[in-house]
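Novice: Given only the sequences and the hints, what does the whole structure look like? Please build it.
There are 2 protein chains.
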Amino acid sequence: MGGEPEKWILMLTARTPTNIAVIKYWGKRDETLILPINDSISVTLDPGHLCTTTTVSVSPSFDHDRMWLNGKEISLQGGRFQSCLREIRARAQDVEDKKKGIQIKKEDWQKLHLHIASYNNFPTAAGLASSAAGLACLVFSLSKLMNLKEDNSQLSAIARQGSGSACRSLYGGFVKWVMGKEDNGSDSLAIQLVDEKHWDELVIIIAVVSARQKETSSTSGMRDTVETSGLIQHRAKEVVPKRVVQMEDAIQNRDFPSFARLTCTDSNQFHAVCLDTYPPIFYMNDTSHRIINCVEKWNRAEGMPQVAYTFDAGPNAVMIARNRKTAALLLQRLLYNFPPQSDTDLDSYVIGDKSILKDAGIKDMKDVEALTPPPEVKDSTSLTQKSKGDVNYFICTRPGGGPVVLSDETQALLDPLTGLPK
Amino acid sequence: MGGEPEKWILMLTARTPTNIAVIKYWGKRDETLILPINDSISVTLDPGHLCTTTTVSVSPSFDHDRMWLNGKEISLQGGRFQSCLREIRARAQDVEDKKKGIQIKKEDWQKLHLHIASYNNFPTAAGLASSAAGLACLVFSLSKLMNLKEDNSQLSAIARQGSGSACRSLYGGFVKWVMGKEDNGSDSLAIQLVDEKHWDELVIIIAVVSARQKETSSTSGMRDTVETSGLIQHRAKEVVPKRVVQMEDAIQNRDFPSFARLTCTDSNQFHAVCLDTYPPIFYMNDTSHRIINCVEKWNRAEGMPQVAYTFDAGPNAVMIARNRKTAALLLQRLLYNFPPQSDTDLDSYVIGDKSILKDAGIKDMKDVEALTPPPEVKDSTSLTQKSKGDVNYFICTRPGGGPVVLSDETQALLDPLTGLPK
Numbered sequence: 001m002g003g004e005p006e007k008w009i010l011m012l013t014a015r016t017p018t019n020i021a022v023i024k025y026w027g028k029r030d031e032t033l034i035l036p037i038n039d040s041i042s043v044t045l046d047p048g049h050l051c052t053t054t055t056v057s058v059s060p061s062f063d064h065d066r067m068w069l070n071g072k073e074i075s076l077q078g079g080r081f082q083s084c085l086r087e088i089r090a091r092a093q094d095v096e097d098k099k100k101g102i103q104i105k106k107e108d109w110q111k112l113h114l115h116i117a118s119y120n121n122f123p124t125a126a127g128l129a130s131s132a133a134g135l136a137c138l139v140f141s142l143s144k145l146m147n148l149k150e151d152n153s154q155l156s157a158i159a160r161q162g163s164g165s166a167c168r169s170l171y172g173g174f175v176k177w178v179m180g181k182e183d184n185g186s187d188s189l190a191i192q193l194v195d196e197k198h199w200d201e202l203v204i205i206i207a208v209v210s211a212r213q214k215e216t217s218s219t220s221g222m223r224d225t226v227e228t229s230g231l232i233q234h235r236a237k238e239v240v241p242k243r244v245v246q247m248e249d250a251i252q253n254r255d256f257p258s259f260a261r262l263t264c265t266d267s268n269q270f271h272a273v274c275l276d277t278y279p280p281i282f283y284m285n286d287t288s289h290r291i292i293n294c295v296e297k298w299n300r301a302e303g304m305p306q307v308a309y310t311f312d313a314g315p316n317a318v319m320i321a322r323n324r325k326t327a328a329l330l331l332q333r334l335l336y337n338f339p340p341q342s343d344t345d346l347d348s349y350v351i352g353d354k355s356i357l358k359d360a361g362i363k364d365m366k367d368v369e370a371l372t373p374p375p376e377v378k379d380s381t382s383l384t385q386k387s388k389g390d391v392n393y394f395i396c397t398r399p400g401g402g403p404v405v406l407s408d409e410t411q412a413l414l415d416p417l418t419g420l421p422k
Numbered sequence: 001m002g003g004e005p006e007k008w009i010l011m012l013t014a015r016t017p018t019n020i021a022v023i024k025y026w027g028k029r030d031e032t033l034i035l036p037i038n039d040s041i042s043v044t045l046d047p048g049h050l051c052t053t054t055t056v057s058v059s060p061s062f063d064h065d066r067m068w069l070n071g072k073e074i075s076l077q078g079g080r081f082q083s084c085l086r087e088i089r090a091r092a093q094d095v096e097d098k099k100k101g102i103q104i105k106k107e108d109w110q111k112l113h114l115h116i117a118s119y120n121n122f123p124t125a126a127g128l129a130s131s132a133a134g135l136a137c138l139v140f141s142l143s144k145l146m147n148l149k150e151d152n153s154q155l156s157a158i159a160r161q162g163s164g165s166a167c168r169s170l171y172g173g174f175v176k177w178v179m180g181k182e183d184n185g186s187d188s189l190a191i192q193l194v195d196e197k198h199w200d201e202l203v204i205i206i207a208v209v210s211a212r213q214k215e216t217s218s219t220s221g222m223r224d225t226v227e228t229s230g231l232i233q234h235r236a237k238e239v240v241p242k243r244v245v246q247m248e249d250a251i252q253n254r255d256f257p258s259f260a261r262l263t264c265t266d267s268n269q270f271h272a273v274c275l276d277t278y279p280p281i282f283y284m285n286d287t288s289h290r291i292i293n294c295v296e297k298w299n300r301a302e303g304m305p306q307v308a309y310t311f312d313a314g315p316n317a318v319m320i321a322r323n324r325k326t327a328a329l330l331l332q333r334l335l336y337n338f339p340p341q342s343d344t345d346l347d348s349y350v351i352g353d354k355s356i357l358k359d360a361g362i363k364d365m366k367d368v369e370a371l372t373p374p375p376e377v378k379d380s381t382s383l384t385q386k387s388k389g390d391v392n393y394f395i396c397t398r399p400g401g402g403p404v405v406l407s408d409e410t411q412a413l414l415d416p417l418t419g420l421p422k
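For the protein sequence lines, the chains are A and B, in the order given. Here the first sequence stands for residues 1 to 422, where the numbers follow UniProt numbering. Here the second sequence stands for residues 1 to 422, where the numbers follow UniProt numbering.
FYI, nobody ran anything at the bench for these hints, they're computed from the structure. One should not assume that every hint holds.
Each pair may be met inside one copy or between any two copies, as identical chains are not told apart.
As a list, the in silico DMTMM-like pairs of lysine to aspartate or glutamate whose alpha-carbon atoms are at most 20 Å apart [stated by the list, open to error]:
1. 105 to 94
2. 237 to 31
3. 237 to 30
4. 325 to 367
5. 98 to 364
6. 144 to 65
7. 144 to 97
8. 242 to 227
9. 378 to 215
10. 297 to 215
11. 297 to 224
12. 363 to 187
13. 297 to 227
14. 106 to 96
15. 99 to 249
As the structure is a prediction and not an experimental result, all values here were calculated from the model.
Specialist: Set out below in structure tokens:
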């Protein structure tokens, strides 16, 4: 071990995207290794709007592994963190930083301790797959710090052991988590189907929906589903394999109608098996249902899908519009049906890529109030009422790229001298 | 044709119960004959609280078939009404009323016209299977007027062609609709499993839930499910047949835990296949979900089911309590979680068998306001808020008997001299 003895700190910062499944992962065949009962496919979201940034650091002066999430220290004792740390340390290589005069031999990594700070640029509790981005970023940043030789696909198999869907955050674009066959999980990993440039017309709008009920964690939820649902095995064995093939084709061919149909039906079927669980699990609420009805009505009126929707283990809607034009029309419809509460300003109600708002011709709250019912709503006195506050805010984004190392040291979350959060 | 020519009116009034499925019917294999893709099992509800009363009359002075529902004339031209009328007329027999001096030969029924008046003692629009009771009552009352030799099971196969679930309203107690195998539907009919005295401890509480959304009709809903769901065939072929056997056992043995488990899981699975339909169908809303969570939490706390719940094609909850004592405890919980709006009086908020309210120790609105959280609710500051007005009213009832002819002529809905609604 070189450098100024006991004083040096080696540090690296990386950023990893979140992802949303368009063919859903629900149900494990191995709880510890996190091996799924079916393949899944996701789209990576632009890290400019939704991502985790993680700084990892190592120093002989650190006396135990520590981690801070959004500035608050959290325990690393959980089995899933421990699995990831163990797997990464086992693959660590020699590291040399000539500029700083630091040399670390691969066997040293077993004794050295880590400080890790992680930050989500979106609310952790909003149900936006923060654990996926977080675990992926932990694994990715540590692999770079420790100079691992593994490629992102091999790293995904480590991230998978931290949080199943994290494995899909190791790539940009469209990603497939291959369920694999091996008992040890070595072939259960993510591969990139296409990168984010392949289908760059797509625009994604997320509705962060207010939840009145506490939600079932996805870990216990999917365990209950596998144990009690009479439909989940049929879904995993008969339905999903066909859909995965069709979805890969739809993505390769940029076939939006097929993509939308598969995305929507697979989201609905995931929520169906949740409902078929005993006791039943409800992730979608009345607001989620109204968003679906709004999109379905519009798609039907247009005679072909304009927008796909998908919901994870919570009430938030992720809507994928075929292009910027439909995204602007979608945003008009969403703001018409789900206006903000009177004390909310537009700037905090629609966040992310604000240019969609501009395309929709909406500059301020007066423009929102002036929105007229879309043509597909024939009966404006319908039972479906507008109610303010059902949606907390909207995020406009797009498919995005995979993990990157941030070379700009000012973006580090840890102090380079103390190794503690800035 | 005898009697005073062209002047006489022969009239008969009958009352038929409604029913709620505990193993659900969803999906037809023949749309015209209304043949289902699986067996179903229902409990008949006490006609004292929920029933249809129908008066049927025949007279040579009537020049066409006419029908009034809840006082308003409706068309009989629909294929389903026509199927029932055709099937019944084809089986009509000679009728003689010596007192009135009326004689009708069976061949006369093809030429004679009918006046029919029907009345539900509960709101038609409340989603409480009014069409089941209505069609059953139409078929039952006409069969008596026309002196049919068919038993109730054979009549059920006629009622089935009017409204599938109507066939189960031909008997009291617990009833099975056998799906049958014949293409002509002759063996798709209802049989009584046990009468209403077999398991007379059960108490039923119905929550009539406010709906914000217009609902999908069950006819088009189940057609869409059969055409688009990837799970419905697995349910019909693999899951339901086993549950039907288990449910018959549970009913025979008055095994409440098994009965409750089967009832709840089958209701949930029915709603799961609705969600797996494209576009998805949502019958339950947030209030329905909260009712389920309330019941599930209590059942779990007691270590064994106290209450079963089931939902048809709408948000209303039908809860079946194992006995009067649990029903009173259930009503306390329901009134605690779903209090009436301040301008509602208790007498119109809890209707039907008011003795359950008395057992619950609730005499007036002050007693409702004084209700404390049940012991299973540990965190009274939980996210689940009480909100007034989510439930329109509760109906307390019990399993009940089958169709009966009402001999009291004052209960007739048609004027005996004019044949028009009173």
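Novice: For every hint, state whether the structure bears it out.
Specialist: Outcome of the hint check:
no., hint, result
1, 105 to 94, "within (4 Å within a copy, 104 Å between copies)"
2, 237 to 31, "within (19 Å within a copy, 30 Å between copies)"
3, 237 to 30, "within (16 Å within a copy, 29 Å between copies)"
4, 325 to 367, "within (18 Å within a copy, 57 Å between copies)"
5, 98 to 364, "neither (54 Å within a copy, 83 Å between copies)"
6, 144 to 65, "within (17 Å within a copy, 84 Å between copies)"
7, 144 to 97, "within (13 Å within a copy, 98 Å between copies)"
8, 242 to 227, "between (24 Å within a copy, 17 Å between copies)"
9, 378 to 215, "between (35 Å within a copy, 17 Å between copies)"
10, 297 to 215, "between (28 Å within a copy, 14 Å between copies)"
11, 297 to 224, "between (33 Å within a copy, 16 Å between copies)"
12, 363 to 187, "neither (50 Å within a copy, 66 Å between copies)"
13, 297 to 227, "between (36 Å within a copy, 19 Å between copies)"
14, 106 to 96, "within (11 Å within a copy, 104 Å between copies)"
15, 99 to 249, "neither (49 Å within a copy, 79 Å between copies)"
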